Amino acid sequence: MDLAFTTEQEAFRRDLKSWLAANLARPWNDEIRNPSHDENSLVEVRRAWQRQLNDAGYLGMGWPAEWGGRGASVVEQAILEEELWRADAPQVPNFLGIDLLGPALIHHGSEEQRRRFIPKMLAADEIWCQGFSEPGSGSDLASLSTRAEPDGEHFRITGQKVWTTFGPWSDWIFVLARTDAEDRYGGITFFLVPIDQPGVEVRSIRQITGESEFGETFFDGALARREHIVGKIGEGWRIAMTVLGYERGVQTMAYPARFEGYLSDVIEGVRRNGTLGRADVREKLARLIVENQVMRSNGLRTLANLAAGESPGPESSIEKIFWSEYAKRQSETALDLLGPQAQLTTEARHARPDMDWAREFLWARAGTIYSGSSEIQRNIIAKRVLRMPTK
Amino acid sequence: MDLAFTTEQEAFRRDLKSWLAANLARPWNDEIRNPSHDENSLVEVRRAWQRQLNDAGYLGMGWPAEWGGRGASVVEQAILEEELWRADAPQVPNFLGIDLLGPALIHHGSEEQRRRFIPKMLAADEIWCQGFSEPGSGSDLASLSTRAEPDGEHFRITGQKVWTTFGPWSDWIFVLARTDAEDRYGGITFFLVPIDQPGVEVRSIRQITGESEFGETFFDGALARREHIVGKIGEGWRIAMTVLGYERGVQTMAYPARFEGYLSDVIEGVRRNGTLGRADVREKLARLIVENQVMRSNGLRTLANLAAGESPGPESSIEKIFWSEYAKRQSETALDLLGPQAQLTTEARHARPDMDWAREFLWARAGTIYSGSSEIQRNIIAKRVLRMPTK
Amino acid sequence: MQFELDEDRSLLKQQTRDLLERESGSEAARAVMEQAPEGYDKALHATLAELGYLALALPEEAGGMGAVSLAAVMHEMGRTAFPGPYLDVLLASRALHDAGAEAHGLRDRVVAGEALCVLARRETLDDLSSTELTASCADGRLEATKQLVPFGAHADAVLVETREGLAICERPAAGWEANAQPTLDHAQRFAELRLSGPAQLVAGGDPARGILETVDRLAALSAAAQLLGLSERALELTLAYTAEREAFGVPIASFQALQHRCADMLLQTESARSAVYRAAWALDHEPAAADELVAVAKAWAGPAARSVCGEAIQLHGGVGFTWEYDPHLFFKRANTLEQFHGSTRQQLEAVLQARGL
Amino acid sequence: MQFELDEDRSLLKQQTRDLLERESGSEAARAVMEQAPEGYDKALHATLAELGYLALALPEEAGGMGAVSLAAVMHEMGRTAFPGPYLDVLLASRALHDAGAEAHGLRDRVVAGEALCVLARRETLDDLSSTELTASCADGRLEATKQLVPFGAHADAVLVETREGLAICERPAAGWEANAQPTLDHAQRFAELRLSGPAQLVAGGDPARGILETVDRLAALSAAAQLLGLSERALELTLAYTAEREAFGVPIASFQALQHRCADMLLQTESARSAVYRAAWALDHEPAAADELVAVAKAWAGPAARSVCGEAIQLHGGVGFTWEYDPHLFFKRANTLEQFHGSTRQQLEAVLQARGL
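If you read the protein sequences in the order shown, they are chains A, B, C and D. Everything in the first sequence is counted per the working numbering, starting at 1 for the first residue and increasing by one. Everything in the second sequence is counted per the working numbering, starting at 1001 for the first residue and increasing by one. Everything in the third sequence is counted per the working numbering, starting at 2001 for the first residue and increasing by one. Everything in the fourth sequence is counted per the working numbering, starting at 3001 for the first residue and increasing by one.
Derived by calculation from the structure, the hints in this document are not laboratory data. These numbers come from a predicted model, not from an experiment. Incorrect hints may appear among the rest.
Here are the computed lysine-lysine pairs in the DSS-like style, where the Cα-Cα straight-line distance is at most 25 angstroms [what the hints assert, rightly or not]:
hint : chain 1 : residue 1 : chain 2 : residue 2
1    : D       : 3013      : D       : 3042
2    : A       : 391       : B       : 1383
3    : B       : 1391      : A       : 383
4    : C       : 2042      : C       : 2013
5    : B       : 1232      : B       : 1120
6    : B       : 1391      : A       : 391
7    : A       : 232       : A       : 120
Label pairs and their in silico Cβ distance ranges [claimed, not checked]:
hint : chain 1 : residue 1 : chain 2 : residue 2 : range
8    : C       : 2244      : A       : 158       : 21 to 27 angstroms
9    : C       : 2002      : B       : 1025      : 34 to 40 angstroms
10   : D       : 3061      : A       : 308       : 29 to 35 angstroms
11   : A       : 184       : B       : 1180      : 41 to 47 angstroms
The C-beta atom is built at its ideal place from N, Cα and C for all residues, glycine as well.
The task is simple: from the sequences and hints, build the whole structure.
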């Protein structure tokens, strides 16, 4: 057993922290409260930040040097994600491209595809969104019905995708579409589709926070070039499933860091309102601290297992449930302990400058739904970890 | 809307309370702590108490006068059950006979059966236990496999029943047995079987509390007379199901009364240990009070609906889940707030004389299992109240 | 004994439902939330006045109909996550009534829908028992800064809690400054009010305390009843959605894990119904028990609604997180009502106080 | 980085499992619980001594193997709901060791299995931070009444916390009165001890406090590790039972609602594993973080085991409530371990203290 970081890993963290201190103009929390920003200008802040990270060699760190990486270990990648959260850095706009499409191209793409797409992806010159989910197929992704029909050097894609995060600002979308109606899994192909064409329309979806980070994307005979199929025709499902597994674990230290930051705000808040001494308040705070530390322990364990070369199996379902359900409890406790103050949105005169609990309280509801809801995760645990029988 | 008891009902309650004050020698809690008692002598205390209640006309109150009742309303029956709990009276040993078999005989039995069985049942001269559940059929009662085969004027019964409460002290058992292997529901018949015969063996089942109130009953060609079939051959399932519904609602005020009594003990306990002023303790107490009051509100509502002639539909599943899950929370909170003191069993030198939390903590685990587990109740609610679809 | 509403109240409840479904369905509510600067539908407010709804919280001899009726109407308001100052106006009207003759002119205008008046009480943004007030009203002059006054930016008058008692401050007086305090419930409009100008003291210290106790009880009951309505409707939406939505070729409502969650939602909702109406009945018929039962009702209905409406979002899946679908309206309002009108924490303490603990 | 145990500790853990499965399976444990008046298997205790297990909590230079090894062994003890004073003896042996040379004679006999010695500390039956002690040891004479001394009725010696420090009281001294204090955990034997007679003070006030802090940390970690073992085994039992037990013609493990409950049991158990071993590792390698992490481990593992072992009873249905099936052994022990060795309430407070809050 060894839960310590190596000297090299600690050095990497030190360098990274210095770099962040020198290069991050202001924390994301300050950006989003800047009244001169709108949704578009905030995207530009994120784009600029991605370019800074890329120039410094922090993007796609685990990839081969040839593709912008430095062959960094999973531990270093996890340290990067953790410190980015601690510093409250903006999320890069191309995170889906980098987390999902990048590995797909590196493992399954053609040399031409890599050369064509990876540099612009890293440089945020082309923003990518993900076209997997459909209105009729959320939990049951393989039931997707968007179809792709061959048309000379192209395929024509018709159908609808939802939850295309960053869709409204994207240039390209990677799409799972059906090339064979009869073959549930083997009839799915992985396409790269440019958004700026007549057959594609992206609409914003407004979320309960009032923001519109998501979109839905309509395809009406949209063109995708044959050479922009990743892997072979019919390999889309397999590629998507392996790719969805690659980046697991890298975020493992980021979640506890993120929620630990929020937790400090609750503690400061009860200190300020004079209730830190109340036994009921202390119990609630202590429970949050315990849960957060346990989340961190789970994360360290996952990371250690990854570092030891084990793959993060379906156990990552436990992590997903843990952080997302914790986030709901934490924000509810914050609202209970901080009182009406925490109800105020950022536009309110008395809104506190540090933490936007009103938004976090709502936003936390999404965590247990997206990327496989808690219910789906429990199904996975029962079937694949506990091997419980099906009827 | 009217949640008040009528003048007559209030008078009934007053009379009952005076009668209890004059006739109940000592509360049950004192009896069970009396070191000179063993399990058998405690049964005799309960038998004697049943006779007192019967002589005073408080048993089978809702039955026709001819069968020992006084045609009492459901409200009066509920008041009786409530006050019996408040007074901490012993439970009558024949409660299953009176609650289930009595109504079955009155509604479905023959005149001879009523004359033969009801008076002795009320007088506790014959104790009854219930033979419905089997080792292989708990939740899925209709899958029972105990079989009954005709043999002249008799049927011969072979099989095994479990959870025969009071089995070790019973004289008779009412049994659901299969007279037709092919017909799942219509192949079940309702038999009355004497226990003191070669083909019947009752064994005690020890519970996690260390007590043995339950038994399991083995039938090996046991004889049941044809004239002791209730209803017709093949009507057993229907009779059992209607009968199980009859007595619902009568306990509706008893549960909150019971747990309110326990709750007073927790409050006294934290007063004594000096923590009543702690904000965490106050919150936990207040939540229990709230839940207990809500249970009482649910009970009043059920009772009012019954009094208005409505049947207590599957909503009684809500009450079952509520009180049994509450009982677990209450006893856990008691242990948390009262500390090691509450761990001590009654034999311990420092055991408190009032409430046996160690036993209640264990006993409470049974409530969510017997008489249809919480899981079965949720199934019932989903299917019969919410009308949710089956696959 | 009877739990069901009598015929008159049943009728009132049904009438309210018909009116609100017609005039304030979720599309209308959304329009108000997104477009009306005042945060409510003025025409509908006038209709409510016309139909007598604004007198509902007055004592029966003054045109009210008792607590059970109040609960029934609030229950319906909850079912539509009704946006606007309806409850706030009721509470102010009752306080004005109880404050005596001097305040009855304004009371009448409020009840007639001619003036919008709300109470201005809170001075802290924390959830703490109010400490010393700083607002004062001496020699006909009010100096006050009040937080989170409901619909305070658009009120015609406020009834202000001050050190000296309750004071009426009509607008436009000089020195009326309102700063919007938007909260996460986009359909409730709060404001900080800074008031400095003439006002009329209508009830001194002791009477004011009595008036506010009555108002607090009615507020808690009303909030609890709305919370019940929110839960009830959120469960209905969930049942409807999950019966239609398919996954793996079957309606998701057929999944047992989801069924058990819905069963628990029903348990919470039906228990809220029992608690709310029992408390309302006690307010009308058993005043000695009412303090505890009202606190119990709100302390149950609040967390129940938070849980049920949260589950509604979850069981809707992705669309539950969108602005377009309704669950968030219920979830947000549940949060507002749980935090205000005596938060759960305060109600729990009130339960103990009512028992002398 | 590596989370898995190294080879030596892996071997130790496996060896412990083999030994306990052979010597202390649930039938053996039940026999001890039902029949042994001392509440433990003396022959097995001797075997543990022989194999060096009783030295486990000593510092490494004195024969111990560090906190990770301790956790691994305790984890296995939890898996069998091991009955007997094993942990209590370890804690006493460590205290005796830390008390210095005067106590090392008794320490050696304890570690060799020749004497059974436990700590006697508690004077109240409430779950309160200890107030003033009344036990005293002056001029070689002990006067003490201690509550809930584990296996106190059958100990050969006790190490008593007094106002003056830690005192060794060997039996049979005159004035040793033991009153059994049976608790709901039928396999743990507690007693009130009334002691009046000669005793030897082996550590004064300040050193005693330091010794007891070390002991408390090891106790909390050990209890947490046992709680992990209880949860792990209770889940295994549940999975095995529900895969076999049929209802409506299928194994009940195929019901989705039950599957989701088992998934939550796994989440709680696996998280306990992460927390316990991280805390143990910190005790060995990162002492500055250990206080908080040990408290976190126990504060998580206790409620987790209560929940998981309670679910094990529930999901076993009727047989789960019988003496004959095993779930109750786990449920009862989970309760004992949660309430003792620093209750959850005390651990939560310790977490805050460790952060200076």
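So, going through the hints one by one against the coordinates:
no.: 1; hint: D:3013 / D:3042; result: holds, 22 angstroms
no.: 2; hint: A:391 / B:1383; result: holds, 19 angstroms
no.: 3; hint: B:1391 / A:383; result: holds, 19 angstroms
no.: 4; hint: C:2042 / C:2013; result: holds, 22 angstroms
no.: 5; hint: B:1232 / B:1120; result: holds, 23 angstroms
no.: 6; hint: B:1391 / A:391; result: holds, 12 angstroms
no.: 7; hint: A:232 / A:120; result: holds, 23 angstroms
no.: 8; hint: C:2244 / A:158: 21 to 27 angstroms; result: holds, 24 angstroms
no.: 9; hint: C:2002 / B:1025: 34 to 40 angstroms; result: holds, 39 angstroms
no.: 10; hint: D:3061 / A:308: 29 to 35 angstroms; result: holds, 30 angstroms
no.: 11; hint: A:184 / B:1180: 41 to 47 angstroms; result: holds, 44 angstroms
When held up to the earlier numbered hints, the structure conflicts with none and fits them all.
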